[in-house]
Amino acid sequence: MLYKIASIGILLRIIMYHWFPIQPIPHISSPYTDYKNALEGLSYLSLGLSPYYSDSPVHTPPLILWLFSLMPSQHIIFGLILSADLLNSIYIYLITKSKLAFSIYLVNPISIISTSSMSLSSFIHLAILTFGYFTLERRRLRAVFAISFLSYLDPCMLSISSLWYFNHFTKRIYILAFLMTFSLFSASYALFGETWDWLWSCQIAQLLNYDIKPNIGMAWYLILEMFKRYQFLYRVILAIHPWLYIYPLHCLLHKYSKYSMYKNTSNLYFCILYLICVVSHPHPTMEDFMIPFILISTHGELIMRVKSGFFTVTAGVIGVILSIAMWGMWTERVGGNANFLFFQTIFTNLMIFGFLFGLLHQVNEEIKMKKHQITCKTIVEEVVLSILK
Amino acid sequence: MIKPILLLLFYAYAYKETLTFLTVSSSSSLAIINFTDDWTDPHSPITNYGIFPESLYSLLNLSQTKHFEATFAWGTPPPQSSERITIYNKLKNEKIRLDKAGFTLISDSSSNWKMLTSLLSSLFCSYINVDDESIKTKEFQHIHTNDFLCKENFIRAQHLLPCRGNKGFSTLFGSFYSSKYVSLTIAAETDGENKYKYTIRATVEVSSKEPLKSVYDECISSSIELIEDAAIESHPLHTLQISKLSLTSPSSFENQPIKSSRKIGDVRYRFDTTYTHVLKNNSPELLNIAFTEVFPNIVTPLLHTFSHSPIKISKFKKGWTVDFELILKPNEEISIKFQLEKKLLSFEEYPTDPQRGWDIPSTIIIYKGNTLEGILPTDDLLVMTPEPDFSMPFNVICITGSVIAFFYTSIQTLQLWKEKIHWSNPHYETSVIKAQKIQTYVKNGLLGISLVILYILDRKGILKLLG
Numbered sequence: 001m002l003y004k005i006a007s008i009g010i011l012l013r014i015i016m017y018h019w020f021p022i023q024p025i026p027h028i029s030s031p032y033t034d035y036k037n038a039l040e041g042l043s044y045l046s047l048g049l050s051p052y053y054s055d056s057p058v059h060t061p062p063l064i065l066w067l068f069s070l071m072p073s074q075h076i077i078f079g080l081i082l083s084a085d086l087l088n089s090i091y092i093y094l095i096t097k098s099k100l101a102f103s104i105y106l107v108n109p110i111s112i113i114s115t116s117s118m119s120l121s122s123f124i125h126l127a128i129l130t131f132g133y134f135t136l137e138r139r140r141l142r143a144v145f146a147i148s149f150l151s152y153l154d155p156c157m158l159s160i161s162s163l164w165y166f167n168h169f170t171k172r173i174y175i176l177a178f179l180m181t182f183s184l185f186s187a188s189y190a191l192f193g194e195t196w197d198w199l200w201s202c203q204i205a206q207l208l209n210y211d212i213k214p215n216i217g218m219a220w221y222l223i224l225e226m227f228k229r230y231q232f233l234y235r236v237i238l239a240i241h242p243w244l245y246i247y248p249l250h251c252l253l254h255k256y257s258k259y260s261m262y263k264n265t266s267n268l269y270f271c272i273l274y275l276i277c278v279v280s281h282p283h284p285t286m287e288d289f290m291i292p293f294i295l296i297s298t299h300g301e302l303i304m305r306v307k308s309g310f311f312t313v314t315a316g317v318i319g320v321i322l323s324i325a326m327w328g329m330w331t332e333r334v335g336g337n338a339n340f341l342f343f344q345t346i347f348t349n350l351m352i353f354g355f356l357f358g359l360l361h362q363v364n365e366e367i368k369m370k371k372h373q374i375t376c377k378t379i380v381e382e383v384v385l386s387i388l389k
Numbered sequence: 001m002i003k004p005i006l007l008l009l010f011y012a013y014a015y016k017e018t019l020t021f022l023t024v025s026s027s028s029s030l031a032i033i034n035f036t037d038d039w040t041d042p043h044s045p046i047t048n049y050g051i052f053p054e055s056l057y058s059l060l061n062l063s064q065t066k067h068f069e070a071t072f073a074w075g076t077p078p079p080q081s082s083e084r085i086t087i088y089n090k091l092k093n094e095k096i097r098l099d100k101a102g103f104t105l106i107s108d109s110s111s112n113w114k115m116l117t118s119l120l121s122s123l124f125c126s127y128i129n130v131d132d133e134s135i136k137t138k139e140f141q142h143i144h145t146n147d148f149l150c151k152e153n154f155i156r157a158q159h160l161l162p163c164r165g166n167k168g169f170s171t172l173f174g175s176f177y178s179s180k181y182v183s184l185t186i187a188a189e190t191d192g193e194n195k196y197k198y199t200i201r202a203t204v205e206v207s208s209k210e211p212l213k214s215v216y217d218e219c220i221s222s223s224i225e226l227i228e229d230a231a232i233e234s235h236p237l238h239t240l241q242i243s244k245l246s247l248t249s250p251s252s253f254e255n256q257p258i259k260s261s262r263k264i265g266d267v268r269y270r271f272d273t274t275y276t277h278v279l280k281n282n283s284p285e286l287l288n289i290a291f292t293e294v295f296p297n298i299v300t301p302l303l304h305t306f307s308h309s310p311i312k313i314s315k316f317k318k319g320w321t322v323d324f325e326l327i328l329k330p331n332e333e334i335s336i337k338f339q340l341e342k343k344l345l346s347f348e349e350y351p352t353d354p355q356r357g358w359d360i361p362s363t364i365i366i367y368k369g370n371t372l373e374g375i376l377p378t379d380d381l382l383v384m385t386p387e388p389d390f391s392m393p394f395n396v397i398c399i400t401g402s403v404i405a406f407f408y409t410s411i412q413t414l415q416l417w418k419e420k421i422h423w424s425n426p427h428y429e430t431s432v433i434k435a436q437k438i439q440t441y442v443k444n445g446l447l448g449i450s451l452v453i454l455y456i457l458d459r460k461g462i463l464k465l466l467g
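Chains A and B supply the protein sequences, listed in that same order. Quick note, the first sequence lines up with residues 1 to 389 if you use this note's numbering. Quick note, the second sequence lines up with residues 1 to 467 if you use this note's numbering.
The following block holds chain B by itself, in its conformation from the complex (with noise of 0.2 Å):
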């Protein structure tokens, strides 16, 4: 009797359900909803089936492969999703990505990639053919195709989870065809002998206001993180309130030996905006402090205007990071200032609701003392942008366009019409000849013309001509 209960005890502790929320907006936030499952037998390599799914077992042994993950997603993810998750990971020492929509394998360059990409069409229900171009290094295997996320992906991706799809995470699946952006992963890895583990993991975008509420229905054992304002607190299902507004500050982070003040000084609709962050050491103990300030694509940070200098600065893709590191004496406060530039972007690249101004995502302060040791977020910030008008890029280029059109045309009419010349003017018969090739020239040219547009139009199988 005692044996089932230790067993079943095991195996509550092996399954871990984790669901993750990260807010990125006040309207949206990801939830990273986890599975994982290992499996160690000195003397069997698998005996149940039911716990460790067979499929996948097969799939590592057959195609030689130590380690393998399958990302299947659809849609882009929300704005300053990725910071938020590379902060994440940080914290968390996880590997999410973001992937972008399609299929993406990545393997251990040893596998035989002809086998597994075909055992996994079979268990993935992907396609993926093996004559495309893939990236081989000497660490991994990587390839990405344009195939779509579809439901029979989610049903195959049930079938490896222990309930099936009748309790916890799996349940869940239903409530994904409505996401702007899903990404399921599965991803499973061998140490060669008899260690295995297996991952299925779904982030998912999802409304703040209303939270993956079906949760409740656990499995065996779950979790829920919450990470709001990037501070990272566990709460119980119970409490669970995913909303900008009615979360309060986490507890966690209520005594810390320092404090953090991010302002902007604003004016609205200025080009340029004034910056501070201002820190205080209230410990006894001298610290150092880490931190990197990210920026949004839409401001600048002016580097010549820095009252403290950055160890570095880069631009990515989507905006700015500064890194500071400073040392702090024991009850010292220090200002952080510096000049933010403020751009205009084309009419096009405005989100939705413009003149809600941009997020300055909060980021992590790591501070190291002596004997104290952690982290602080930082608060979040809005700032506000010129912007063009939504309204009338019609009206303003008909009008530019008129405008040049005219500038061209006045000076080109000055010079283009000739003077008629007078029938008695001795140049007049000459002048008549002259026109009249022009005449024939103009018209055989536009004929050509004519003709070549007909040609192009019937090669595109818009007329019919030629048979």
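One chain only, chain A, in its complex shape (with noise of 0.2 Å):
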């Protein structure tokens, strides 16, 4: 069965790639996930060029752009791009145990579209389910390889590197991960003639959210619409974001696994912080939020409980369906301007994010409840006790 659905979704993805090659548009790619990006730097290391300077288009890692460099024609490019959209959806099987979850990451018009128009987003996804995956696991090395390639790849979903400090990780694991992290640093700064630009085009550039494209997150309009004396403030307010959240969840979800039994609270902060990093992200992709969604799926039982979970869910697939017909109005200049789209995102970000506060608002009355429940217990049995006496 796997295999048939897995053969349907590359089938898919190898025909829209080779017949039907679709327009990328801000909901599906972002300027530093966009294969585009990745042309842009071999273009330019094809001239004898450094493609990274101050306000360069490319923003693809030196590593990525030389690995690419070396393949002889697009199509491996692409095989690549597959390959790693492929894993996704075994470690999507692997974290979620569901066929189903499996089935819908693959057979997805989203991740087919994105796929199909070779987003090099597959390779931030891999990094994240692998590392997700083998710290649930406890396989500590194979989480660090993936949280250095997360950390070089996209910074800004670094913050959910922190299920070692739910999961009760030892130090030699941050020093390890940081050690993994500089050599990569330090293989990029050798290869690209020693200097440090790349690390503002790329790293800095992304984690700061300096090249605006108009995207489904919140950040963009933000910045572009904030008056240049307080815009680095706001940059760095909106990169520490996703970190604030770390505590309190830990200390929740903790709670909820101590009163209430629950085994999959570790899977569940991983889903919970991943959905907060993609919300906080500066240019989040319709994908990037699916596949958080795709793994909370797992914690239905949970899920059904929550009083809001279906309008928020629903008004957040309405807002993204509409922000798109907005983005048309306003490059097609049909009569829209960027306010309708930014309105049209910032309604699907807060559905979102209220279908989070909605599940740990559940959690919070589920802690009340049993504890109310403990105390009960405990009074009847004192009482209990003092009769017998």
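Because the hints were derived from the structure by calculation, they are not lab data. Treat each hint with caution, since some may be false.
Below, in silico cross-link-like pairs of lysine to aspartate or glutamate (EDC-like), each with a Cα-Cα straight-line distance of 20 Å or less [said to hold, decoys possible]:
(1) K114/B to E189/B
(2) K420/B to E366/A
(3) K312/B to E366/A
Please assemble the complex out of the two chains, which come individually in their own frames, going by the hints.
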């Protein structure tokens, strides 16, 4: 069954890639994951120029660019992206243990269009999913490799590494991760003429959102409409923002694990933090939102108890669909402008966060209920004991 | 009788005032007004101070300066004027710069800097503190101060002109005060023996529709050049009309051996566009062609989409330059195509009329064959870009800030507030003591912070608490 679905997914991707190339839209690709960006970098290299300089349009990290430059044709690069996508679906299956999640990922239009338009986000998703899987399985060294690649490819998602903190990993693993990341950065430094220009063009530009393009996140329009004097402050605040949720989530979900005996809290923490990272991301895509939703679907029993769940998810989906329409209205100038897209993106993000809040509120309610039950039980036991005495 | 007439003719030849207009946009032009004079006498260095100012002669000799250039400027040059000036300098072999606001002095490194600045202060009514840090290299010394341009500087400059403000160039000084950008330069040089040369130049931003008409009042000889769409052609004064709409293509470029046509295949609010430049060789000769495309910062030329490889692509502060070198066979036509990616800028970075579009300035095509050689200006283009909303930055900041604040506080609230403990709970008393402790800490903390704030305000002189 899984083989059949995988074959269909791969076949659909190849068909789309070969016969129906889709013009990238902000819902599918970002300036940092667009293949066009890597192609631009390769063109600079072929002319003997450095692709990394101030305001450079190239944001593909040096090692990825170097890897692509070794490939004889674009089809092989597509093959690499396709393989990463297939691995993503396998790791989704391994994390969720659900054939449905595996199928949803492989045979859905968003991931098919994303892969066929050669979005490099497949590599970022692979780093996140492998990190999640290996950490949940407590395979430390592999998790270190995964998080190092993630920090190299997309430092905006790095707060997801707090899964180690949630799972009480030792300090040694942090040192190992730092060394591994440092070695990747050093290799890039040595590869590109011993300058740090690439760091500004890739990681720092990504973290502080210097190449602003419309997307379904919240940060782009805020930065555009922000007075220049305060822009840096807001860029830094937005970069720090996902890190602020680690401690409350850590406390809440540990309590939940303690009182409700819910075994899958590590997985739940990973999914929630993944979704928070995507909402806080400077340039998220629809696929970025889709994967944590697929992962969180394994906690179906808990989600079913969330009262606002249906409303927020439905409203979020409607918001995404409308944002595509608003994007069209703006760029085709049917009568719209940037505000049209902005409103829908803010609405979508609000709904997604509303869903998360509903979920965590439900968790909190269940903790309270369990605490109350335990207190009542203790009082009853004490009363019974005193009567017996 | 013949001798004075010959002398007058000689002087008339020596004096040269030129006025050049460089159109930089539909609304503004740069007027470059230049007066140059030189003097060579093998026997007596300077005999007639009425022609060559004595003060400059003394200044050069006393300060042992071979060359200096002092510039006063105010305002900001109009956008894209620096590119125009670069092309103009290249074509006319000039060294005109658009200096930033303030006073800039450049001299050769061998000059007595202290003497030069002192003499220049009285000559040009400038204030130069010799203790200010100047840049000194093997070839030159340079200093830039924030001294501002005032009426007195113009009066002093007038005294260096032969007509002393009665005619010609110096009569225009009064109209400069309303200009957004003015740069006034006095430069002098000597070969160390008997050759002396000095230049007074004003570079002024003027409205394209209302040129400096009072320039009719000529001094000794005048010539006006007009640079429109990067084409250079001289116009006699009475036919001068500076307006983007009324000017026709200069006649000197009509029968060129090559033909150039630039286009932007643009959907107005899309984020990418196709740029096409068609070049045709109409001559029977093989022509070598070199040209540079200049793009503003709002667009990025995508290198991987280039139909012809450029020899160089460079990024400078205000945009990109792409250099091409091609060989065109007789009657051959080539089409250079590539994609431009449009950018979104911060709302403050847009001009006041963003929907007009952004200029892609015309540049010069330099061609060379066996017998043919020359230049051809390319077309000016406009590129339309999507823009953010300019009317509601407050709303966007407010709404997005509130949403992020909601995200943060909603999750923190779940963890922050402790549940009430019932009095029957065995931990009730300890929890009350703990709460009281926290209350004391918070109270003292707030008191401490308030005191620190008051102390800072007092130090800044906002509050006078401590006398």
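Against the structure, the hints:
1. K114/B to E189/B: Given pair K114/B, E189/B holds - Cα atoms ~18 Å apart, limit 20 Å.
2. K420/B to E366/A: Holds, because 16 Å separates the two Cα atoms, which is no more than 20 Å.
3. K312/B to E366/A: Not OK: K312/B and E366/A at ~65 Å, beyond 20 Å, violated.
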